[in-house]
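Starting from the structure of chain A, add chain B where the hints point.
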Amino acid sequence: MTAQVASAAGDNWRNLTPTEKDRVLENYQRWQRLPQQDKEHLREEWNRWQRLPKDERERIKQRYDQQQRRDRHRD
Amino acid sequence: MKNAMPLQSACKEFEEDLVLYYYGETSEDERRRIGRHLFGCLRCQGFLGDLQRLLPQMARTEELPQSFWDNYYRETVAKLAQQDERKHWWRSLIPQMKIWIVPAFGTVAMTVLVIGLLFGKGNLSSFTLRPAEKIPHEILADENQLQFFESMDLLESLSKLQSQDEQKPEAVNTQSSRMRFQSGTV
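Respectively, the protein sequence lines represent chains A and B. Under the working numbering, the first residue of the first sequence carries the number 1, and numbering increases by one thereafter. Under the working numbering, the first residue of the second sequence carries the number 1, and numbering increases by one thereafter.
Be aware that one or more of the hints could be misleading.
[Stated by the list, open to error] In silico DSS-like pairs for lysine-lysine, Cα to Cα no more than 25 Å straight-line: (1) B/Lys134 / A/Lys39; (2) A/Lys61 / B/Lys160; (3) A/Lys21 / B/Lys134; (4) B/Lys160 / A/Lys39; (5) A/Lys21 / A/Lys61; (6) A/Lys39 / A/Lys61; (7) A/Lys54 / B/Lys160; (8) A/Lys39 / A/Lys21.
Hints were generated in silico from the structure; no laboratory data involved. This structure is a prediction, so every number in the text was calculated from the model and none was measured.
So here's chain A without its partners, still in its complex pose (with noise of 0.2 Å):
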């Protein structure tokens, strides 16, 4: 069991590209510092984001890569 496991960890995290491997090591890094009810947010947003309509979320994350490029260009 704990094989198992522990190959779909390595499964999951070797698919990830370096770049997200490096926002999921940030992100994990800042939830742990974050106050409780900041991650209560986040974990509500989270579910919230879960529930809304696929083409609504598609639009939502192309904004947010195009907000993500134009603060990079901008850098």
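Chain B alone, transformed into the frame defined by chain A:
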């Protein structure tokens, strides 16, 4: 004043011979011939007398004490040694340098190469390890949790993005956007 008196003139043909005579640089026959002439010639006697009086003064050198020559020798040796040292001071470094210059140069070159590779490509993060051990395995194993931590930035501004989307909906190209958020809870 006596020294300034001009030489008395000698017989023309004996003038040069008398100088040689004075210095003893004539042959025995010449010496006898000149001696015979001198015996009967007052002018040449006067000329030889003048030579005997004046030439030693002209040739006289100042007598220097032995201490001067001793100091002179010491100073000359010291100056030569100083000059030699100035000229070749760097040569003494060469044998020492040979010992460490090769490994030192190699180390510096390797360091420059590594730094160049890391920063030159502007892709330092690709060389650094991303240890998965920093994240608990139960999170890594759960794809939803990985997605949560990957999209945490987006979630923090979800409300803002949603309001922007309601104000100005944009066309979505579902082919180009990579959506990883399908289902599941944290």
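Quick rundown of the hints versus the structure:
| no. | hint | in the structure |
| --- | --- | --- |
| 1 | B/Lys134 / A/Lys39 | holds (19 Å) |
| 2 | A/Lys61 / B/Lys160 | holds (12 Å) |
| 3 | A/Lys21 / B/Lys134 | holds (11 Å) |
| 4 | B/Lys160 / A/Lys39 | holds (18 Å) |
| 5 | A/Lys21 / A/Lys61 | holds (18 Å) |
| 6 | A/Lys39 / A/Lys61 | holds (21 Å) |
| 7 | A/Lys54 / B/Lys160 | holds (18 Å) |
| 8 | A/Lys39 / A/Lys21 | holds (21 Å) |
Taken one by one, the earlier hints all hold for this structure without exception.
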